[in-house]
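Q: Sequence:
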Amino acid sequence: YPSALMLSGGFSPWYAQPMVRKKLWFERLMNQTHCRDVDCLVSLSANELLSAYMAIPDGFCCRKIREFDSNPEIPWAASIDGVELSAHPWDLLK
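Using the numbering used here, read the sequence shown as starting at 1 and increasing by one per residue.
Rather than coming from a laboratory, the hints here were simulated on the basis of the structure.
Mixed in with the good hints, there may be bad ones.
To be verified - Here are the in silico distance ranges between beta carbons for each label pair: (1) L93 x E48: 17 to 27 Å; (2) S45 x P2: 17 to 27 Å; (3) L44 x L93: 37 to 47 Å; (4) L92 x L50: 29 to 39 Å.
We put the CB at the ideal spot given by N, CA and C, even for glycine.
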């Protein structure tokens, strides 16, 4: 990209999370919806998807997931996927 825009919160610990955390959220959502593939998720209505997300045990936004460190889990935080984002923005400034 020739330029970039930084939004507030870009250097907060929760702003970007590793793929292992994103995979955990994806697996929990798949289990909650009883879907076996992404096509199934796409076929759900917004209400069905939101209801499934809200029903994930210990999964509602910003609670801490016990098996990870003390940073809050934000399901919609950016993913450190090694493609679009190679590391946390704070680490990229070093």
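Q: Taking the hints in turn, state whether each one holds.
A: Against the structure, the hints:
1. L93 x E48: 17 to 27 Å: Because 40 Å falls outside the window, the suggested range is violated.
2. S45 x P2: 17 to 27 Å: 39 Å, violated
3. L44 x L93: 37 to 47 Å: 39 Å, holds
4. L92 x L50: 29 to 39 Å: Holds, since L92 and L50 (Cβ atoms, about 33 Å apart) stay within the stated range.
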